[in-house]
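Numbering of the sequence shown is given in the numbering used here, commencing with residue 1 and proceeding in unit increments.
In case anyone wonders, no lab produced these hints; they're calculated from the structure.
A few of these clues could be false.
Straight-line C-alpha distance at most 25 Å; calculated DSS-like pairs for lysine-lysine [what the hints assert, rightly or not]: (1) K269 to K297; (2) K183 to K343; (3) K294 to K224; (4) K184 to K343; (5) K343 to K297; (6) K58 to K183; (7) K297 to K268; (8) K184 to K297; (9) K237 to K343; (10) K183 to K237; (11) K237 to K201; (12) K237 to K224.
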Amino acid sequence: ENEAIDRGLLIGTHHGVFSSIRLAQNLGNARAHLCFVGDSVDYELYDALKTNLQRAMKLQTLGHTPYNVSIDFVHERIIPVNTSRADNGVNYVPPGWQQMTSIEETTVLFSGSNETTTFSYFKHYGWSPWDFEILEDCNIIVMNLSLHYNSDSGRGNRFGNLLADDTRAAITALVNFTTATSKKNRIAIWRSTLPQHFDTKNGHFEMWMKYTKNTKDLTCVPLKISFRDQSYNIAHKIVFEDICRQDDNVKSSCSAYENYCTVNIREKKYQTTYLFRQSNNLTTWVDERENPVKTGKILRWDIADLFDNHLWHSESLDCTHYCYIPQVFDAAFERLDLLLRIKLKNI
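Required output: the full structure, derived from the provided sequences and hints.
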């Protein structure tokens with residue numbers, strides 16, 4: 001398994017698109033719609049998968065067909081999102097630049113196949129329970145919460161909620177997503193937070209007011225601590241250890257990436273989707289007789305180590321986002337494909 005994970009990092013291996021092609025093929029064969037839900041880093045991952053597949057198409061014109069697979073087209077469209085009430089037009093979603101106003105969706109068709117592969121990006125800057133209202137068509141949700149929360153206080157920059165509480169609410173929503181009786185064989189995945197390499201005690205961004213006025217001298221540097229000890233991954237680890245468990249019956253190194261989480265989907269101590277719906281009179285359809293305590297599986301997509309290189313950021317002053325390096329992103333998609341390979345057969 002480790003050899004399979006490392007294979008995508010080999011420079012020049014099918015020009016860095018080997019695993020992206022295989023992931024897209026497996027998604028298409030399972031007729032599974034993959035949804036990246038999160039901030040600009042999640043958008044980077046979505047965009048890298050799209051770009052790797054576009055790269056594969058261009059390589060075909062040069063006679064390179066990795067995996068002996070040809071792609072007929074890679075098409076992207078922008079789908080507008082209206083978050084206002086249908087009945088009176090009153091907007092119950094807080095406005096602002098962090099709010100989702102559109103969905104980016106990519107469709108891929110492989111030569112000789114009747115099945116298309118679809119994957120999408122849903123903008124989600126901080127826990128926003130109303131966004132789950134438009135995720136019903138997803139078969140697989142990949143999610144992360146982190147960078148738009150203060151690394152010291154843990155408070156969200158948008159609504160002020162604690163990252164720990166919002167992580168619990170997000171896990172609750174994901175469990176409800178995977179256990180819904182109306183939709184079978186859904187998959188939920190939690191992505192690890194990628195390292196930030198700012199010149200601070202823990203590598204996290206600390207707001208411009210804390211830096212010197214000569215910000216031109218601010219460059220990305222190696223971490224002074226382990227990326228696993230960065231605040232966001234620690235916060236997620238604590239929550240997962242509290243409400244989730246690993247499968248004791250699975251005796252393999254992969255068992256660490258499967259978590260069974262038990263939640264109360266009608267919890268109101270933090271901003272669950274149920275609390276949001278109740279506050280906006282949207283719970284009339286909820287069967288209150290149903291047992292609200294549910295246990296669902298959440299997979300862990302651990303890729304932080306692949307991106308722990310301060311030289312790979314896009315430019316000085318931005319030590320969060322990464323340059324488009326096909327092989328690095330392809331290695332990340334190799335791990336995602338390994339997580340999904342058996343699960344996709346059940347969709």
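Structure-based check of all given hints:
Restraint check for K269 and K297: satisfied, since their Cα atoms lie roughly 22 Å apart, inside the 25 Å limit. Only pairs whose Cα atoms come within 25 Å are accepted, and K183 paired with K343 is accepted, the gap being roughly 15 Å. Between the alpha carbons of K294 and K224 the distance comes to roughly 40 Å, so the proposed pair goes past 25 Å and is violated. Our distance criterion of 25 Å between C-alpha atoms is met by K184 and K343, whose separation comes to about 12 Å.
A distance of roughly 11 Å separates the Cα atoms of K343 and K297; the hinted pair therefore holds under the 25 Å criterion. Note on K58 and K183: the hinted pairing is violated, with a Cα-Cα distance of about 37 Å set against a maximum of 25 Å. The hinted pair formed by K297 and K268 meets the criterion: a straight-line CA distance of about 22 Å does not exceed 25 Å. Between K184 and K297 the alpha-carbon distance is near 13 Å, which keeps this suggested pair within the 25 Å criterion.
With a C-alpha separation of about 24 Å, the suggested pairing of K237 with K343 holds against the 25 Å cut-off. Taking the CA atoms of K183 and K237, the gap is about 29 Å. The hint is violated against a cut of 25 Å. A threshold of 25 Å between alpha carbons decides the hint, and for K237 with K201 the separation of about 20 Å falls inside it, so the pair holds. For the proposed pair K237 and K224, the alpha carbon gap of about 20 Å is at most 25 Å, so the pair holds.
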